[in-house]
Amino acid sequence: MRKLSILATSVALLVSVSVAKEIKVGAVMPMSGPLAAYGQTTYDGIVLAQKLQPTLKNGDTVKLVLVDNKGDKVETATSTTRLISSDKVTAILGALTSTNTAQVIAIADKKQIPVIAPAATNDKLTMRRSFANRVCFADSFQGKVVANYALKDLGLKTAVVIVDQAQVYSLGLSKAFKKAFEKGGGKVIKKLKITSGDKDFKAIVSQIKTMNPDFIFLPLYHPEASMIARQSKQIGLNKPMFSGDGVANQTFIDLGGKAVEGYMFTDFFDYSAPPTQKSKDFIAAYSKETGKNELNSFTALGADTYFLLVDAMNRCSDPSDSICVNKEIKASKGFEGVSGIINMDKTGNATRSAVIKVITNGKAIYKTTVNP
Amino acid sequence: MILELKGVTKKFGGVTAINNTTFTVNSKEIYGLIGPNGAGKTTMFNIITGNYQATDGEVVFRSEKLNGLKPHTIVRKGIARTFQNIRLFKTMSVMDNVLIGFDFQANYTYFESIFRFPRFFGEEKRIRKRAIEILDYFGIAEFAEHKATDLSYGQQRKVEIARALATNPAMLLLDEPAAGMNPAETKELAHLIRTAREDFDLTVLLIEHDMKFVNQLCDKVLVLDYGKTIFEGKPSDAIKDKEVVAAYLGDFAHD
Amino acid sequence: MNIVIRKDQWINLAIIASALWFIWFASTHFDEYTVRILNNIAIFTILAVSYNLINGVTGQFSLEPNGFVAIGAYVTALLLLDADAKDYQFDIESPYPWVLGLQANFVWALFFAGTFSSLLALTLSFPVFRVRGDYLAIVTLGFGFIIRILAINNPEITNGSLGLNDIPEFSNLYWTGGIAILAVWGILNIVNSKYGRAMKAVRDDEDAAIAMGVNTFKIKTFAFCTSAFLEGVGGGLLAALLTSISPDLFTFFFTFQLLIIIVLGGLGSTTGAVIGTVLVIGGAEWMRFLDEPMNFGLFVTPAMPGMRMVVFSLILIFVMLFAREGIMGKRELKDLFKKGKK
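Respectively, the protein sequence lines represent chains A, B and C.
Take any residue in the first sequence, note its place counting from 1, add 32, and you have its number in our numbering.
Take any residue in the second sequence, note its place counting from 1, add 451, and you have its number in our numbering.
Take any residue in the third sequence, note its place counting from 1, add 26, and you have its number in our numbering.
So here's chain A without its partners, still in its complex pose:
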């Protein structure tokens, strides 16, 4: 047995001492801590993508280096520094939330390492930065999508917005929505404030009932959104409700129960309406790996960060040249991703479609795609 293992090791060594290089790509994700569920889901996409496309056109292999940031800012800073100075990665994928992604970018930008964020939507993230990129749409786009759909498709002219002032996501999205809605001729009657962790929204929903808007926009995460939905129905408030991708998960439906029938929300992607051939292939591969074909948006976006990166690397003569890679990322046009067609621009932002879903009979049913 010993001779065999020595032989095996020598062969492995010989094989690895070949001409092809190993390009390292860093990933900063919350794999433990309060955001672990999101982090793991997103990372699953990256891992599967790497499995499907492990080598570049020139034969170099891509190695993922994952660092767990526990959802914590100080850890994020340390993780990013480690990836750049110790592991010498060419690019970084992550982090998850806008605040932690901002931390990654703050450090990576100075070091000229491109960052591709899968799901951080805050508009300010890419401003005044040269190496920040994302595959998801920004809050301003999502706000516009909801505003236009409400005004043009549903004919709803007045709205009340509920803002969670403790969440960056909520603040950004509500601001974008208000701007777009009022630009299109709509009126935001009032912006009501809540704080995540709140459980009693009776005062809020009573106020809304009195104000009698055409619909309610809730740029919140699923815990608060589902509770507000329930408490609204309890007092007989039956106005149309709309959220962003913060409720795009099964937990929202579970928590909301009957109260979220007819609830509408935007999302990046829906597995039942795969937008590209890549989506179909990926869903098939995912199904083979996990036995499920309900591909989550986060997983799809995670995969897209990887695919987009590799695509850009393939257009560089030296794929480990971060500056070139960054340039090529921003030059990606018509990129066929798992979550849809992505057009990058020089600010690092992605122009892409959103989908609108409606909860019908306890399931999130795809309604339509909104193209930019």
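Simulated from the structure, these hints should not be mistaken for laboratory data.
The beta carbon of each residue, even a glycine, is placed where N, CA and C say it ideally should be.
The calculated label-pair distances, taken between Cβ atoms and stated as ranges, are:
1) C:D160 x A:D232: 29 to 35 Å
2) C:L347 x A:R347: 53 to 59 Å
3) C:S44 x A:K143: 29 to 35 Å
4) C:S339 x A:I267: 43 to 49 Å
5) B:S478 x C:K244: 29 to 35 Å
6) C:D233 x B:Y677: 23 to 29 Å
7) C:L176 x A:I355: 38 to 44 Å
8) B:K521 x C:D113: 51 to 57 Å
9) C:L176 x B:E584: 50 to 56 Å
10) C:D113 x A:K95: 39 to 45 Å
11) A:K211 x C:L176: 26 to 32 Å
12) B:E584 x C:S44: 36 to 42 Å
13) C:I172 x B:Q535: 40 to 46 Å
14) C:D57 x B:Y604: 57 to 63 Å
Keeping only pairs whose Cα atoms sit at most 25 Å apart, straight-line, the calculated DSS-like set for lysine-lysine is:
15) B:K598 x C:K356
16) C:K244 x B:K541
17) B:K671 x B:K457
18) A:K189 x A:K271
19) A:K210 x A:K271
20) C:K33 x B:K580
21) A:K89 x A:K362
22) A:K241 x A:K219
23) B:K528 x B:K479
24) C:K244 x B:K516
25) B:K541 x C:K356
26) B:K521 x C:K244
27) A:K215 x A:K271
28) A:K189 x A:K225
29) B:K576 x C:K244
30) A:K241 x A:K207
31) B:K671 x B:K685
32) C:K244 x B:K528
33) A:K222 x A:K207
34) C:K33 x B:K598
35) A:K312 x A:K395
36) C:K33 x B:K576
37) B:K479 x B:K457
38) A:K210 x A:K222
39) A:K143 x A:K359
40) A:K210 x A:K189
Starting from the known structure of chain A, arrange chains B and C on it as the hints suggest.
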């Protein structure tokens, strides 16, 4: 007259712990507070030290009214105490325990200690010298750097008294100093208190149960029962008093 | 007596000199990752030794750090960002004019951070320390929450949950390490003075301390305000190291982390707090290899993110079971070298 209690009463809700007590302690007297358990002796101490406020009456020390003053202020006026169950600072050395007594007399500020101004060094040196002197007086200077709780019971009692003396008191309050001691240790303690009275110019007020000790040491005693004074005078006369005997119900037979 | 003091001072100077040399050496020779960890260690050392002063030395159970660190971080950030940067950043509400006007250099920013925290601590001291009883823990716990809520709910001052970004990166090993050395030196000086003695006396037996003339209210207040000052400064250094801060940085978990550090190092020991910081902050990083696939020769374990936290917790439990007083107990490093005093 160094300490005067005039009509002092202490009530805790409905319970009267001390009932209209008046007595005086003269300078350099060794004065004993005795009585059965629960008579109010420790309460009396606590009123003098400022831990309790008298419900009624006055406490006058060196012609100054102590009522309403905070305990740590009263210490600085010249009254120090020890505790029945020896409350030394358990994590600190013998030296540090005694230094605590000196500390309010050390003249340097917080700022000066952080940045180690010269005054810090001068004052620390001064009080350390004095601390060693006191420990030496009690014959325990060799244990200065030992943890206080490593010493024997008798030695710890000495540390406690040394610590109290460090505050440079005019009056020393000793709460059952002989508790837990055998006859030999008790005799040594009595001798120590007597000589300390001379060497440190002290007045001593003590609470005790051990009548032999009280007899050896006290110039005068006050006998309390249920918060009321039932006798004031010489210890030898106290034993003969009918009321005192009744209160103790033959406790004296043991001694 | 004289000769002993001088020898002690030589040792102290030698330690400080080698620490300074190490700071220079690390800054110029170590890679960025290691430097970042060292910066973290330095900042947390400042926080740990000051937290240890109120909790360990004075024995007053407090849960204050996240509150004062937050204040220090925000004060520093607002003073370091110029009006332009603030104007650009503030996205929820426009900043108040006086907020825009806030500006100071790094030294002053840190000084104000510490002073402001200290003043808040002073106001807290009055209701809490005048009353006997263990209200400090609850009050400081609440204080931490309130500060965070205030940060979220006052976007005109703090930019709410978006936080403050692009803070100039002033912190480097010279600042963090230098201030850490000063902090440790200062705290040790306090501990080895009549004030430190009084603090320990308050911890050991407050009634006896009072009976010996110690003004316990004053002593507790001194300890608390000193802790607050250094925690504020530490917060400022943290802000200038991360270059971005937000309310979610300063949760109870932040305080909890410091509590672990000082308990592990030995509650009451300043050198213990330093050792605890190195072990916890450095150790958590060092243990990252547990998160990754591990090659044991014959088999390879898969990546298990979070494994290092599991191992870390197990070590903590182990230490608490078998060395309940922490690593140093109440002793300082120099006590270990004292010849067989028994």
